[in-house]
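In this note's numbering, the protein residues as written are 18 to 388.
A hint or two may mislead.
Quick list of the computed label-pair ranges, beta carbon to beta carbon [to be verified]:
| # | residue 1 | residue 2 | range |
| --- | --- | --- | --- |
| 1 | E50 | A120 | 44 to 52 angstroms |
| 2 | R56 | T95 | 46 to 54 angstroms |
| 3 | N320 | I64 | 16 to 24 angstroms |
| 4 | R41 | E217 | 31 to 39 angstroms |
| 5 | P214 | V57 | 30 to 38 angstroms |
It is worth saying that the hints were derived from the structure and are not from the lab. Backbone N, C-alpha and C fix where the C-beta goes; we use that ideal spot for every residue, glycine too.
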Amino acid sequence: MIQDADPTIRAFIVAHNLPVEDVRLALADLIDENPGRVRVEQLDDGIRSPSGPFNYGMRSSTADYVGIMGSDDELDPTSIREWRACAEARHADAVIAKVVRGANRGLVRSPAKRVWKFGALDFAKDRLSYRSAPLGLIRRDAVERFDLRLLEGAGNGGDLPFVTRLWALGRVVPSTGLGAYVEHADAPARVTWAAKPIDEEHGSIRWMLSGTFINSLRPSYRTALGTKLLRRNVMDSIRKRDGGRALTNEDMAGLRRSIQMILAYAPRSRWLVSRAHGAMIEELLRDAPRREVIVGWDEIAANPSHRDSLLPARLRFVLHRQAQPRYAAAAALIKVGSSRYLPAAVRATIALATTVVAIVAVLVVRSVSSG
18 MIQDADPTIR AFIVAHNLPV EDVRLALADL IDENPGRVRV EQLDDGIRSP SGPFNYGMRS
78 STADYVGIMG SDDELDPTSI REWRACAEAR HADAVIAKVV RGANRGLVRS PAKRVWKFGA
138 LDFAKDRLSY RSAPLGLIRR DAVERFDLRL LEGAGNGGDL PFVTRLWALG RVVPSTGLGA
198 YVEHADAPAR VTWAAKPIDE EHGSIRWMLS GTFINSLRPS YRTALGTKLL RRNVMDSIRK
258 RDGGRALTNE DMAGLRRSIQ MILAYAPRSR WLVSRAHGAM IEELLRDAPR REVIVGWDEI
318 AANPSHRDSL LPARLRFVLH RQAQPRYAAA AALIKVGSSR YLPAAVRATI ALATTVVAIV
378 AVLVVRSVSS G
């Protein structure tokens with residue numbers, strides 16, 4: 018981010034359970050070359066959780082806008098400048114970053130928003146809950162206004178309560194331009210995809226679902242969130258355990274507890290996931306789930322051309338916004354929607370259509386008059 022010459026763009030580095038002098042020494046050249054732009058502070062809380070340093074940094078910042086970055090990741094040089102311009106132009110509380118992964122810059126396909134939508138996004142209609150990390154830019158006053166905090170002590174998923182409040186309460190817009198958040202491929206392999214005991218892995222989900230705020234959301238938001246938790250969080254827990262082959266009895270009992278909590282919160286969500294996912298959910302709700310059945314359905318779920326990975330668990334919901342067909346279509350169109358040329362193309366198309374309609378109207382009026 019310091020590659021951008023704009024002096025108002027600054028880096029705040031939290032030395033988490035590390036000697037701050039060691040960090041400053043390692044960054045001495047960068048600090049000297051960018052006077053006043055690199056701030057390093059120490060946080061010793063003895064907790065192996067990224068939530069603490071992220072909360073500390075946002076709480077201590079004096080900037081108008083804040084954002085968080087993992088230590089393995091980086092930003093394109095123009096990212097912050099473009100995000101800030103986007104936030105100012107659209108009076109946004111937050112700008113959702115375009116995220117690319119690894120050296121090949123593969124596009125991360127979330128959230129699966131409406132492809133033509135460039136203004137304020139809707140929590141349910143634009144499936145914002147699928148972006149489970151607050152990557153991008155956030156107005157600092159919105160952090161206080163919406164009481165945004167990562168869950169302290171969470172080993173993973175601590176940003177889930179944070180983003181759920183932000184996406185549901187704030188004016189959130191998608192980023193435009195070329196700049197992206199670059200997530201390096203090794204980071205998720207070490208953190209996000211490291212299997213932990215289910216009760217720990219889903220601790221943030223259970224904490225969030227037991228809260229007052231989350232239970233005050235409108236029904237469409239609850240359905241959207243519940244469907245996402247089943248489709249992504251529960252299924253990811255199975256997939257990272259070798260497609261279910263490495264599931265223990267304790268894992269399956271933990272998954273059952275999480276599923277029961279999600280279904281109590283959003284009952285309709287079980288019918289909106291794919292048939293394959295729905296079958297895995299039903300199996301896990303049994304008193305004695307059969308591991309081989311879960312493995313078989315996971316293999317089907319991983320096949321994007323299989324009808325049971327495309328159709329919803331209950332066919333009458335086939336056109337529901339959160340159901341598998343519309344979700345899959347929206348996810349497939351994300352690359353189109355993230356193009357920097359799309360907003361201009363839409364405006365040009367609207368202008369052309371308006372012109373054509375106006376010309377036709379004039380010709381009709383002339384025809385009637387001459388008749």
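We went through each hint and held it up to the structure:
In this structure, E50 and A120 break the distance hint of 44 to 52 angstroms, their C-beta atoms being roughly 26 angstroms apart. Distance hint check for R56 and T95: the Cβ-Cβ separation is about 22 angstroms, which falls outside the suggested range of 46 to 54 angstroms. Between N320 and I64, the C-beta spacing of about 41 angstroms breaks the proposed range 16 to 24 angstroms. Checking the proposed 31 to 39 angstroms range against R41 and E217 shows it holds: the Cβ atoms sit about 34 angstroms from each other.
A C-beta distance of roughly 34 angstroms is found between P214 and V57, which places it inside the suggested range of 30 to 38 angstroms.
In terms of the numbered hints stated before, the structure departs from hints 1, 2, 3, listed from lowest to highest.
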